[in-house]
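Here's the letter readout for the chains.
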Amino acid sequence: KAGVTQTPRYLIKTRGQQVTLSCSPISGHRSVSWYQQTPGQGLQFLFEYFSETQRNKGNFPGRFSGRQFSNSRSEMNVSTLELGDSALYLCASSWGGLADTDTQYFGPGTRLTVL
Amino acid sequence: DAKTTQPPSMDCAEGRAANLPCNHSTISGNEYVYWYRQIHSQGPQYIIHGLKNNETNEMASLIITEDRKSSTLILPHATLRDTAVYYCIVRVDGGATNKLIFGTGTLLAVQP
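Residue numbers (the numbering used here), protein chains in the order written: chain A, 1 to 115; chain B, 1 to 112.
Among the hints, erroneous ones may be present.
DSSO-like cross-link-like pairs, simulated, lysine-lysine; straight-line CA separation at most 30 Å [to be verified]:
#1 B:K69 <-> B:K52
#2 A:K57 <-> B:K69
#3 B:K69 <-> A:K13
#4 B:K69 <-> B:K3
#5 B:K3 <-> B:K52
#6 A:K13 <-> B:K99
#7 B:K69 <-> B:K99
#8 B:K3 <-> B:K99
#9 B:K99 <-> B:K52
#10 A:K57 <-> A:K13
#11 B:K3 <-> A:K57
Beyond 12 Å from chain A on every Cβ pair, some chain B residues (computed) [claimed, not checked]:
#12 T5
#13 S9
#14 S25
#15 T26
#16 I63
#17 T83
Beta-carbon label-pair distances, calculated as ranges [stated by the list, open to error]:
#18 B:M10 <-> A:Q44: 21 to 27 Å
#19 A:T7 <-> B:S25: 39 to 45 Å
#20 A:Q44 <-> B:P7: 43 to 49 Å
#21 B:T79 <-> A:T113: 40 to 46 Å
#22 A:R111 <-> B:D67: 39 to 45 Å
#23 A:R73 <-> B:T104: 40 to 46 Å
Don't read these hints as lab results, they were simulated from the structure.
For each residue, glycine too, the CB sits at the ideal point set by N, CA and C.
Construct the entire structure; sequences and hints are all you get.
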């Protein structure tokens, strides 16, 4: 079974631009979660989508948004990029049932650099 | 905030068992303990999880104390490729969300 895929793997943008990152979950998984990883803050939860609906959201500004399509693929968008948005963006997929043992599997990440 | 405490770093000799401790003294009765690892700049890799019984799979063993306030991840025969940051996570509100809260983890350095 193919794992979680993320595109692109690397991205360079300048301040003020916007960016869209894509995540394809493991086949059959309906939940996609997004995380941001920076050296200073570590791994932080951004939001989770399940059946095209945002189910949970972390403490990030409204510049960070996402969506999920009917095939469970998800995109996240960051508008008006700031230098501090430079990070590794990770998505994780899971079956999506609200069971204690619903294991999340992570993709390789997208490395975003904002200049 | 993360609900777990881990040592920041540990060393282990290649071929020996690596025992990584984790404290989770405020864990609730229905919260599972998950372990992930992250090799530099890659996505976290799921290792194992458990509730109260000891668990073993092809990668590792998980030993949870009877009071569930701490656990130990055991890599039975560490190799250089096991060098990574290991995260112990207590699943938050397991019945309401798939959100994971990562702490700072333990950097395991396997030495030749």
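Against the structure, the hints:
| no. | hint | verdict |
| --- | --- | --- |
| 1 | B:K69 <-> B:K52 | holds, 10 Å |
| 2 | A:K57 <-> B:K69 | holds, 28 Å |
| 3 | B:K69 <-> A:K13 | violated, 45 Å |
| 4 | B:K69 <-> B:K3 | holds, 11 Å |
| 5 | B:K3 <-> B:K52 | holds, 17 Å |
| 6 | A:K13 <-> B:K99 | holds, 28 Å |
| 7 | B:K69 <-> B:K99 | holds, 21 Å |
| 8 | B:K3 <-> B:K99 | holds, 13 Å |
| 9 | B:K99 <-> B:K52 | holds, 21 Å |
| 10 | A:K57 <-> A:K13 | holds, 25 Å |
| 11 | B:K3 <-> A:K57 | holds, 19 Å |
| 12 | T5 | holds, 14 Å |
| 13 | S9 | holds, 15 Å |
| 14 | S25 | holds, 19 Å |
| 15 | T26 | holds, 16 Å |
| 16 | I63 | holds, 18 Å |
| 17 | T83 | holds, 18 Å |
| 18 | B:M10 <-> A:Q44: 21 to 27 Å | holds, 24 Å |
| 19 | A:T7 <-> B:S25: 39 to 45 Å | holds, 41 Å |
| 20 | A:Q44 <-> B:P7: 43 to 49 Å | violated, 22 Å |
| 21 | B:T79 <-> A:T113: 40 to 46 Å | violated, 32 Å |
| 22 | A:R111 <-> B:D67: 39 to 45 Å | holds, 41 Å |
| 23 | A:R73 <-> B:T104: 40 to 46 Å | violated, 32 Å |
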